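> Starting from the given sequences, assemble the full structure and let the hints guide the process.
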Amino acid sequence: QSALTQPASVSGSPGQSITISCTGTSSDVGGYKYVSWYQQHPGKAPKLMIYDVSNRPSGVSNRFSGSKSGNTASLTISGLQAEDEADYYCSSYTSNSTYVFGTGTKVTVL
Amino acid sequence: QVQLQESGPGLVKPSETLSLTCTVSGGSISRYYWSWIRQPPGKGLDWIGYIYYSGSTNYNPSLKSRVTISKDTSKNQFSLKLSSVTAADTAVYYCARVQYDFFFEYWGQGTLVTVSS
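Sequence order for the protein chains is A and B.
Using the working numbering, read the first sequence as starting at 1 and increasing by one per residue.
Using the working numbering, read the second sequence as starting at 1 and increasing by one per residue.
Quick caveat, the hints were computed from the structure, so don't treat them as lab data.
Please read all numbers here as calculations on a predicted model, not as lab measurements.
Wrong hints could be hidden among the right ones.
[To be verified] With a straight-line Cα cutoff of 30 angstroms, these simulated BS3-like cross-link-like pairs (lysine-lysine) come out:
1. 33/A with 75/B
2. 43/B with 68/A
3. 64/B with 33/A
4. 47/A with 81/B
5. 47/A with 43/B
6. 106/A with 33/A
7. 13/B with 43/B
8. 81/B with 64/B
9. 106/A with 44/A
10. 68/A with 33/A
11. 43/B with 106/A
12. 47/A with 68/A
13. 47/A with 64/B
14. 44/A with 64/B
15. 75/B with 47/A
16. 43/B with 44/A
17. 43/B with 64/B
18. 43/B with 81/B
19. 44/A with 75/B
20. 33/A with 44/A
21. 44/A with 13/B
22. 81/B with 13/B
Pasting the structure below:
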């Protein structure tokens, strides 16, 4: 199974909105509502930010939102803050009952 | 609050078997799926496999021939064995609980395993 495709880096100024894409196939992203997003700060474990395409776990800021169209899912961070600077990974359940992660996106707050 | 903690040798020789254990507290492994994920230094996340509370397993096709995930319900632990390791298996290894909606809800802090002679 191939990793889902994400842009290597995305940047924005404080207060701006940015969007990270996650492109897969009809066997993963396009075939299921089971896309999740994770935030990872350096040296830390990943943290769940979005599940089931667009749901936020308790405690996650409503500045984070998710969506999906066809084989591409997206994570939008609005009102960008310095603390949002981190790596972000998408993940999808697949038709083989396995999981696949995205290639990862480094978010830089200018 | 569910907590997971990985443990095991931090250094493994090439061609040997990497063995890690994940100890779960604050919840029983007699529910849910339990997974292993790794991250080579400076690289992205790589799903290794999972074990269901029933004992059924599924693995990343690229690792399937070398991976075994098992559990010990009496100790509330699950384990990873990866055989015939090479330097390419050097990574931080994470254990995680998988929710029924197919996302990784809780993660361990991760443990670095280096493959070197």
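> Are the hints correct? Go through all of them and say.
Taking the hints in turn, this is what the structure says about them:
no.: 1; hint: 33/A with 75/B; result: 34 angstroms, violated
no.: 2; hint: 43/B with 68/A; result: 25 angstroms, holds
no.: 3; hint: 64/B with 33/A; result: 26 angstroms, holds
no.: 4; hint: 47/A with 81/B; result: 25 angstroms, holds
no.: 5; hint: 47/A with 43/B; result: 17 angstroms, holds
no.: 6; hint: 106/A with 33/A; result: 24 angstroms, holds
no.: 7; hint: 13/B with 43/B; result: 22 angstroms, holds
no.: 8; hint: 81/B with 64/B; result: 11 angstroms, holds
no.: 9; hint: 106/A with 44/A; result: 14 angstroms, holds
no.: 10; hint: 68/A with 33/A; result: 8 angstroms, holds
no.: 11; hint: 43/B with 106/A; result: 11 angstroms, holds
no.: 12; hint: 47/A with 68/A; result: 20 angstroms, holds
no.: 13; hint: 47/A with 64/B; result: 26 angstroms, holds
no.: 14; hint: 44/A with 64/B; result: 27 angstroms, holds
no.: 15; hint: 75/B with 47/A; result: 26 angstroms, holds
no.: 16; hint: 43/B with 44/A; result: 14 angstroms, holds
no.: 17; hint: 43/B with 64/B; result: 21 angstroms, holds
no.: 18; hint: 43/B with 81/B; result: 22 angstroms, holds
no.: 19; hint: 44/A with 75/B; result: 26 angstroms, holds
no.: 20; hint: 33/A with 44/A; result: 27 angstroms, holds
no.: 21; hint: 44/A with 13/B; result: 26 angstroms, holds
no.: 22; hint: 81/B with 13/B; result: 14 angstroms, holds
In the structure shown, a violation is registered for the earlier hint numbered 1 alone.
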